[in-house]
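Asker: Protein sequences appear in the order of chains A and B. Under the numbering used here, the residues of the first sequence are numbered 1 to 309, in order. Under the numbering used here, the residues of the second sequence are numbered 1 to 648, in order.
Rather than coming from a laboratory, the hints here were simulated on the basis of the structure. Only true hints are included.
Computed list of chain A residues with no C-beta within reach of chain B, every gap over 12 Å: (1) Gly39; (2) Tyr50; (3) Ser179; (4) Ala187; (5) Thr281.
Computed Cβ-Cβ distance ranges for the label pairs, DEER-style: (6) B:Asp261 / A:Leu21: 58 to 68 Å; (7) B:Ala49 / A:Gly159: 30 to 40 Å; (8) A:Arg64 / B:Thr167: 48 to 58 Å; (9) A:Leu10 / B:Arg526: 24 to 34 Å; (10) A:Leu10 / B:Ala518: 28 to 38 Å; (11) A:Ala16 / B:Ala530: 14 to 24 Å; (12) B:Pro508 / A:Leu21: 22 to 32 Å; (13) A:Pro7 / B:Gly523: 21 to 31 Å; (14) B:His456 / A:Lys58: 36 to 46 Å; (15) A:Pro7 / B:Leu522: 24 to 34 Å; (16) A:Gly159 / B:Gly580: 46 to 56 Å.
Glycine included, every Cβ here is placed at the ideal spot set by N, Cα and C.
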Amino acid sequence: MSQALLPTLLNLLLRAFVVLLLPPLIPGIITKIKAWMAGRSGPPVLQLYYDLAKLAQKQAVFSRTTTWVFLAGPVGTVAALLVASLLVPLGHTAPLLAFEGDVILFAYLLGLGRFLTVLSALDTGSAFEGMGAAREVSFSALAEPALFFGFAALARATGSLSLTPMLQSHGMWTAGHLSGPLMLILAGWGIVFLAENSRIPVDDPNTHLELTMIHEVMVLDHSGRPLALILYGASLKLVVLGALLVDPLLPVLSKGWLNGLAFLGGLGLLAVVVGVVESTTARFRMNKVPQFLVAGVLASAFAFLLLLV
Amino acid sequence: MRLYLLSLLLAACSGIPGLFLRRRGAEVSAGLMTASALLGLGAAVGVLAGGPVPSLRLPALALGSPSLLILDAVAAWFLIPVLLLAACGAWYGVRYWEEAHGHPRWVRLVFGGLTAALVLLVAAAHTWLFLLAWEAMAIGAFLLVLTEDRLAETRRAAWIYLVSTHTGTLCLFGAFALLAGVVGTWDLGALPRGFAASRLGTQTFLLFMVGFGLKAGVMPLHIWLPPAHAAAPSHVSSLMSGVLIKMGILGMVRLITWTPDPPLWWGALFLGLGGVSGILGVAFALGQHDLKRLLAYHSIENIGIILLGLGLGLVGKSTGQPALEALGFAGALLHVLNHSLFKGLLFLAGGSVVHATGTRNLEHLGGLAKTMPWTSGAFLAGSWAICGLPPLNGFVSEWFIYLGSFRAMAGARWPWSVGVLAALALIGALALACFAKAYGTVFLGTPRTPAAAAAHEAPRTMLLPMAVLAGACGLIGVFPMAIAPALDRAIAGLGEGLPASSKLAHLPLVTVLALTLALLALGLTRWVRAGRRSEPVPPKLPTWDCGYAEALPRAQYTASSFAEGLVTGASWVLFPKVHGPQVQGPFPEPTRFESHVPDPVLDRALEPAFRLGARGLALLHFFQTGQLPIYLLYVLLTLLFLLIWMVV
Numbered sequence: 001m002s003q004a005l006l007p008t009l010l011n012l013l014l015r016a017f018v019v020l021l022l023p024p025l026i027p028g029i030i031t032k033i034k035a036w037m038a039g040r041s042g043p044p045v046l047q048l049y050y051d052l053a054k055l056a057q058k059q060a061v062f063s064r065t066t067t068w069v070f071l072a073g074p075v076g077t078v079a080a081l082l083v084a085s086l087l088v089p090l091g092h093t094a095p096l097l098a099f100e101g102d103v104i105l106f107a108y109l110l111g112l113g114r115f116l117t118v119l120s121a122l123d124t125g126s127a128f129e130g131m132g133a134a135r136e137v138s139f140s141a142l143a144e145p146a147l148f149f150g151f152a153a154l155a156r157a158t159g160s161l162s163l164t165p166m167l168q169s170h171g172m173w174t175a176g177h178l179s180g181p182l183m184l185i186l187a188g189w190g191i192v193f194l195a196e197n198s199r200i201p202v203d204d205p206n207t208h209l210e211l212t213m214i215h216e217v218m219v220l221d222h223s224g225r226p227l228a229l230i231l232y233g234a235s236l237k238l239v240v241l242g243a244l245l246v247d248p249l250l251p252v253l254s255k256g257w258l259n260g261l262a263f264l265g266g267l268g269l270l271a272v273v274v275g276v277v278e279s280t281t282a283r284f285r286m287n288k289v290p291q292f293l294v295a296g297v298l299a300s301a302f303a304f305l306l307l308l309v
Numbered sequence: 001m002r003l004y005l006l007s008l009l010l011a012a013c014s015g016i017p018g019l020f021l022r023r024r025g026a027e028v029s030a031g032l033m034t035a036s037a038l039l040g041l042g043a044a045v046g047v048l049a050g051g052p053v054p055s056l057r058l059p060a061l062a063l064g065s066p067s068l069l070i071l072d073a074v075a076a077w078f079l080i081p082v083l084l085l086a087a088c089g090a091w092y093g094v095r096y097w098e099e100a101h102g103h104p105r106w107v108r109l110v111f112g113g114l115t116a117a118l119v120l121l122v123a124a125a126h127t128w129l130f131l132l133a134w135e136a137m138a139i140g141a142f143l144l145v146l147t148e149d150r151l152a153e154t155r156r157a158a159w160i161y162l163v164s165t166h167t168g169t170l171c172l173f174g175a176f177a178l179l180a181g182v183v184g185t186w187d188l189g190a191l192p193r194g195f196a197a198s199r200l201g202t203q204t205f206l207l208f209m210v211g212f213g214l215k216a217g218v219m220p221l222h223i224w225l226p227p228a229h230a231a232a233p234s235h236v237s238s239l240m241s242g243v244l245i246k247m248g249i250l251g252m253v254r255l256i257t258w259t260p261d262p263p264l265w266w267g268a269l270f271l272g273l274g275g276v277s278g279i280l281g282v283a284f285a286l287g288q289h290d291l292k293r294l295l296a297y298h299s300i301e302n303i304g305i306i307l308l309g310l311g312l313g314l315v316g317k318s319t320g321q322p323a324l325e326a327l328g329f330a331g332a333l334l335h336v337l338n339h340s341l342f343k344g345l346l347f348l349a350g351g352s353v354v355h356a357t358g359t360r361n362l363e364h365l366g367g368l369a370k371t372m373p374w375t376s377g378a379f380l381a382g383s384w385a386i387c388g389l390p391p392l393n394g395f396v397s398e399w400f401i402y403l404g405s406f407r408a409m410a411g412a413r414w415p416w417s418v419g420v421l422a423a424l425a426l427i428g429a430l431a432l433a434c435f436a437k438a439y440g441t442v443f444l445g446t447p448r449t450p451a452a453a454a455a456h457e458a459p460r461t462m463l464l465p466m467a468v469l470a471g472a473c474g475l476i477g478v479f480p481m482a483i484a485p486a487l488d489r490a491i492a493g494l495g496e497g498l499p500a501s502s503k504l505a506h507l508p509l510v511t512v513l514a515l516t517l518a519l520l521a522l523g524l525t526r527w528v529r530a531g532r533r534s535e536p537v538p539p540k541l542p543t544w545d546c547g548y549a550e551a552l553p554r555a556q557y558t559a560s561s562f563a564e565g566l567v568t569g570a571s572w573v574l575f576p577k578v579h580g581p582q583v584q585g586p587f588p589e590p591t592r593f594e595s596h597v598p599d600p601v602l603d604r605a606l607e608p609a610f611r612l613g614a615r616g617l618a619l620l621h622f623f624q625t626g627q628l629p630i631y632l633l634y635v636l637l638t639l640l641f642l643l644i645w646m647v648v
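Looking at chain A on its own, in the form it has when it is part of the complex (with noise of 0.2 Å):
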């Protein structure tokens, strides 16, 4: 009995730790990464966490034009990523919760919190925020097929419609003929995990110029603690997207905690791997963004068809 509680009980640790502790650091080693690579030497690793501190304790100013609608944005996508992370995989370490369709929950969950932000954006009537609005609808629906393509290659190489036989499948890597599709799926959902968290090159989360941005801009009227829960609600989202594309690159350890940490370490990579990209590459006009992620949306379903032969 106490054998089996105990990996259950770390494995609960574990997660709780990740989903709530861990994700504002993300966005602080992308940060230090940048600014290394600039020859600065950057806010602490640990600045996100002292501005959640920060803004819990300032209090909110509302707009007169706004309604409840513009709390449930953060709210409704704080809520919507808890939930979905349940469902993700932390490495190959055992699923807290899986069944068959899950992926279809957690991409509608997603789905619920893009909702509701862009709603509370346009609940403050203002022209930059709608224009925001207006580029993240448009961007994600070239982004949503790419996901769904990745899928639908996934459980067809497992033959499982559950997040967690198709990320922690043993293997795929190094079995000849799987190798080259999933390349191509983490290539397609590379570019949306950087378009859906905001990242350059699709979108510079430090750009100084509203008409540029597009998640930005669409939280420029919240204060307070609903701004806190944004950007703990932003870093939320690196770490959940993230573990689809860390997971099928990890390898299988023999202890289960060895695995939570391999999890840990594939997590902090990515924040490395992101930190380079957004030194070294430039962001792409707004015209281009569509054509990058329709490359995203060719790549998984190349993958796709590549299984089927």
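Position chain B against the provided structure of chain A, taking the given hints into account.
Answerer: Structure of chain B alone, referenced to chain A:
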């Protein structure tokens, strides 16, 4: 059967007392409709709970077949939305369509008649009765679309509807006649094996598809749908979009029930039509500025989703995969019910907006969430559900169809269902964009016109029906396993030995996750609000507009600008008409921008074709002299020709 017949009678008569009563006629008719709904729902629930299947049969073979009506599980399943939406619509109409709008008594009378025709149609087991009810439904809907006949736009919409529905009926006459030739009776029942694959079977199938497809609004045949839904009073639009177009689906479902061995290409045709209707329906919805036209195009999209489900089920039936069959059919039938609920809700909420502001144009609205909070909530619930977002009902039915297509694809038997998957994902993302646009432009931000600023909340008799429909959406979304047994009974007739849908999808986990989501949202809301209470509330300030003093309502993003990126991206299929601003010189004149997406079939193909045809037919004026002797000569010549033809 007694409950059902009583319900039918009450629905048919619900408008009659109102003709004679001087006051409260509307309430009386709504009360009668409610009684009819309760009785009919009782009958339907009894059947779906596993009770005996009531039927009405003639004692003798007077009409070529003894059976007249049968309330089987499929009929009961379709009866539920009919009666629910009719009762909600009747109460909604009490205050929505008053004396000032014109002919309220006649609207109620015909509304009752239309409901009765629908009730009769779902349970018809005799070809003649089916066609009779079909025609009564078509005429009733025509009269209701024509309610505001003083507007030229309405007359045109009603005319287009009449022509399309009769074209469809003509095809149905042909198809049923062919069927009767094969079966030998006018009974609607099982077809012999091998018929579906025969040449005659193909012809019958195609005729049925045109007839039922015209009613359902499948993409190339959808021409009547957007204008008619926009022109009709909103509670009628709600009934039409929620139920009437589903009668086309009912016909297709019946056809699947009768056919034991559909060829694979039937399923492929369903999938193709479903994909086209789904994707193009939502793409055209994105380009609309008329709230009700936008909703009408979404009906086409949802019919597409239903067809995708039916198509997957048919593929499963042809290739012998009962699990795929069950998932496809269950998804399709559940989406029939779900779409009635949320689209009925959306049309009612949209109608309240039209009622309060007098305009259907999205660009003239805005900021209604403050003046009409309940209507705004209802529209949001409907939008949430129609985008298929958890935890409302739209998600559950789409989930079934997703599961079916995943299963077909992973099972290595039919990998092409990945197309269904991609289509559904694209439809979902575009629907989200479209409803963010609709809800955002109408309810959020600040009012764009004085009419929108002067809006008022709808009266209670209009809010209550919306609350009922929204509640139903929530119940099915959070507790889908509650209706799973009824759904299984409804799909049992569509194939042989279908597994229970609750065994194929983990419905209780949906409940668990939905409740988790709600709890988390509640907790986070409390946390966010607690931060506000600790200090004095700061004064309400205008939206920060990046340096400008205060944003003008006109500077807000409009519906056109919100959809501009997607509409331009899809211009190779939408062909938007854009009147761009001409800005010249250092001090340009005031200018305006307009973009408009006309219907591809009606405005771009059929109207020019008919105009050309009319011009061609004008050449025949040569023969039309208006003189009797000449006409007699024609008769003589024709007779001579016939005589010679018959002799030789």
